[in-house]
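Novice: We have chain R already, so just place chain W on it with the hints.
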Amino acid sequence: MSTSSVSVLDRARTRVLAEGQGLEEADILEVLRLPDSDIPAALQLAHEVRMRWCGPEVEVEGIVSLKTGGCPEDCHFCSQSGLFSSPVRSVWLDIPSLVKAAQQTAATGASEFCIVAAVRGPDAKLMQQMRDGVKAIKEAVDINVAASLGMLSQEQVDDLVDMGVHRYNHNLETCRSYFPNVVTTHSWEERWGTLKMVRDSGMEVCCGGIIGLGETLEQRAEFAAQLAELQPDEVPLNFLNPRPGTPLGDQPLMDPKDALRAIAAFRLALPRTILRYAGGRELTLGDLGTREGLLGGINAVIVGNYLTTLGRPATSDLELLAELKMPVKALSATL
Amino acid sequence: METTYCDRCGEPADGDGHDGCQAARELEPPRFCTHCRRRMKVQVVPTGWTATCVEHGTLTDR
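These protein sequence lines are chains R and W, in that order.
The opening residue of the first sequence carries number 1 in our numbering; numbering runs sequentially from there.
The opening residue of the second sequence carries number 336 in our numbering; numbering runs sequentially from there.
Treat the hints as calculated values from the structure; they're not laboratory data.
By construction, the Cβ of each residue, glycine as well, lies at the ideal position given by its N, Cα and C atoms.
You can trust all of the hints, since none of them are fake.
Example chain W residues on the side facing chain R (calculated, C-beta under 10 Å, incomplete):
hint, residue
1, CYS344
2, ALA359
3, LEU362
4, GLU363
5, PRO364
6, ARG366
7, ARG374
8, VAL377
9, GLN378
10, VAL379
11, VAL380
12, THR382
13, TRP384
14, THR387
15, ASP396
Beyond 10 Å from chain R on every Cβ pair, some chain W residues (computed):
hint, residue
16, THR338
17, THR339
18, ALA348
19, GLY350
20, GLY352
21, HIS353
22, GLN357
23, CYS371
24, GLU390
25, HIS391
26, THR393
27, THR395
28, ARG397
Only chain R is shown next, with the shape it has when bound in the complex (with noise of 0.2 Å):
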């Protein structure tokens, strides 16, 4: 081992094994430049750090979009955006659908059922859209409900919340330094200010992002940084698909040593959220990547598809999840 990275990997051990407390930007970023050969010992130390802050469950979603496509936004990596040439056809997920689809996440085990629109911000179509959703859901199958509908007002946070969503997710995507070269219709700050109000209304606050953007490892740290900074209850981490037809449609796949990386880092700026595997996991890390990274630090993973593209079976995860004696967070749990 290194001497730097015993050093950081030591100041790790002390900071947020010990204390709980996450590590600074600066030491984030020495954990994204560990060398090969440190990984393994950032990534058990991650586990560590999970293992005593969080515990041993992890906990299961299912996500699904209701809106899919014709997004008037421009963020650089997603298909569903209509300015650019994508395969993506706009389309809606009708009521009854959506229900079958919670009905079928719940099935697996999960407690949380994601559904996410490409949008902007919702209009009053999709809010009522939501309002039958939910309601129907919760008729029907007992399963968490979030979403994920891009920027709000504070009506409809007030709305999303009446409704009974428990937790909103909205991406900061990047750091804020970098946020510019990936989005350009909306900013940073505007994405920040909805996850305030989300905060200041209960509801449990879903906020993470894509590694592989074309950021720096500085801006990497960065970003881990900001998000300890908002504290959020939940980070998603996924990994850049390039798409065809986006403007990242040519970027490489990150290596799968730096994603391992990026997961031991953000565990340990972020020791007591719940860290998930989110899109890309498949094609960078492979099956293995999946083992990995729980025994790394994550606690969290989305089963089955993902919005656009398509995930591991469920099965596969729930039987590595079992084998790993890690037992899925029951709904119980979390109410």
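Specialist: Just chain W now, with coordinates in the frame of chain R:
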């Protein structure tokens, strides 16, 4: 019915360069109708997907 177009990129299926499409399709639903090249309406849910061409009907993962 004859398969004429690649269901991922929409280009003629008998051309070169679809090895990448085939590999990518393991983690993607189809996007183009193989018969008429129309972009299909695709619904992805946690446990499956459907892809509908207005002319040639609906495919599913089942």
